[in-house]
Amino acid sequence: MILRSGFIKRISFRTLKSKSYMPFCLYVGLLSLFLQVLIFLSILFLLDEDFEWKLFSRVSQSIKNTTEVHTHQLKKLKDLKFVLGILFNLGIKAIVLNKYILFKENQTNSGSNVISKCIICNDFGDTDIVLGISSIEINNKTGNRMVEEMENYKFVVETFYNSKPIQYISELAGRQIAYIFKKTLLFHLVILHPREDNVWWYGDIHSDLNSLNKLHTFGLQYKDLHLMKHEGLLERFELIPHTIEKDKFIYFPKAIPKFIDSLENSRFVECNKTRADIFYKQYQPDRSPVATKFRHRAWKLLARTKTILDSLRITFWLSSGTCLGYYRECNIIAHSKDVDLGLWADDYTPKIITEMKKHGSNLKIWLGRPNDSLELSFIDQMGIKLDMFFFL
Numbered sequence: 009m010i011l012r013s014g015f016i017k018r019i020s021f022r023t024l025k026s027k028s029y030m031p032f033c034l035y036v037g038l039l040s041l042f043l044q045v046l047i048f049l050s051i052l053f054l055l056d057e058d059f060e061w062k063l064f065s066r067v068s069q070s071i072k073n074t075t076e077v078h079t080h081q082l083k084k085l086k087d088l089k090f091v092l093g094i095l096f097n098l099g100i101k102a103i104v105l106n107k108y109i110l111f112k113e114n115q116t117n118s119g120s121n122v123i124s125k126c127i128i129c130n131d132f133g134d135t136d137i138v139l140g141i142s143s144i145e146i147n148n149k150t151g152n153r154m155v156e157e158m159e160n161y162k163f164v165v166e167t168f169y170n171s172k173p174i175q176y177i178s179e180l181a182g183r184q185i186a187y188i189f190k191k192t193l194l195f196h197l198v199i200l201h202p203r204e205d206n207v208w209w210y211g212d213i214h215s216d217l218n219s220l221n222k223l224h225t226f227g228l229q230y231k232d233l234h235l236m237k238h239e240g241l242l243e244r245f246e247l248i249p250h251t252i253e254k255d256k257f258i259y260f261p262k263a264i265p266k267f268i269d270s271l272e273n274s275r276f277v278e279c280n281k282t283r284a285d286i287f288y289k290q291y292q293p294d295r296s297p298v299a300t301k302f303r304h305r306a307w308k309l310l311a312r313t314k315t316i317l318d319s320l321r322i323t324f325w326l327s328s329g330t331c332l333g334y335y336r337e338c339n340i341i342a343h344s345k346d347v348d349l350g351l352w353a354d355d356y357t358p359k360i361i362t363e364m365k366k367h368g369s370n371l372k373i374w375l376g377r378p379n380d381s382l383e384l385s386f387i388d389q390m391g392i393k394l395d396m397f398f399f400l
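Residue numbers (the numbering used here): 9 to 400.
Hints in this document: simulated from the structure, not taken from any laboratory. Only true hints are included.
Lysine-lysine pairs mimicking DSS-like chemistry, simulated, CA-CA at most 27 Å apart:
1. 112 with 190
2. 107 with 262
3. 314 with 266
4. 266 with 107
5. 190 with 107
6. 149 with 254
7. 301 with 289
8. 84 with 256
9. 237 with 190
10. 314 with 359
11. 359 with 345
12. 281 with 345
13. 231 with 266
14. 84 with 222
15. 308 with 359
So the derived label-pair ranges between C-beta atoms look like this:
16. 221 with 279: 27 to 33 Å
17. 147 with 377: 52 to 58 Å
18. 147 with 354: 45 to 51 Å
19. 400 with 153: 52 to 58 Å
20. 230 with 377: 38 to 44 Å
Computed from a predicted structure; not experimentally measured. Ideal placement from N, C-alpha and C gives every residue a C-beta, glycine not left out.
Put together the whole structure using the sequences plus the hints.
Put into structure tokens, the structure is as follows:
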């Protein structure tokens, strides 16, 4: 028992003794590391006498750059608030049309009517602000007043006109189609003109004969524009107001994903009425009751089918005889007795058949396969046939 006890005491003493060395070893290790770093910095200093100054300069430059970026963003926000204030005072709604901002809003939308700071305050990115305004809310008087206020606030402003469009439309000839202005932030104000069938039309920037020089004022080229590289058509859409601050609102489309799809497929080709007039001088148009009734029913079927395919987010286009009628006559060819559409084969889904049936058009003919020359023929309740051709 005595030997065992002594053994236990010796073990305890050694353990205690080894533990007392641990803090000492830690201190020695830290001191060694510190000395190594000090030696390394000393060598750098000897190799480059400006090392300390360069290190200080880099830190100072980093702080300066951060401050400049923050100041620049504040100036952008100030510009935005000023522009929205001017438009509000003139009774003009500013609608966001920029896809980058719409995409960010769709990601961060919380259902609040206060716009997300990441979009307006902290993250303009490298994008410009593209806004739409209704031509109903702006005329020559309000347009001139807006330009005057912008210029008084040191904005550079250019106005674009529909001077020489590809196809002449009397009610749109010579009208303002856009404003571009810049102080710190660049704004592209697209004027949306209402047209028949509940749609908005916007012009082609090339229609202004001096457009290139005007764009050069801002260091821009045609390729830099988000919109207006060609004429466009947008279906009317619901708006949701967002508050920037008191009396300063900005509006977003309610259904952003659907609206972005509409933007990406908004290119509009005006019917060539000059060509149609030439055709009708050579060949008298068929204005018989039978032809008139067919055209009316065909338009209704086409409109109904468009609604169905849009709801399925499927792109389509006029094909065959229907396309020829639009191109040659600006109308549906009465003696064709059907409507022809083209679709991409990858967009085929059984939902097309289901939805067409729900809306009164039954499938009558199926030819080919989804990946090989598929053609679907439907007959509506009025007996009008619609053919869908699927292209690879």
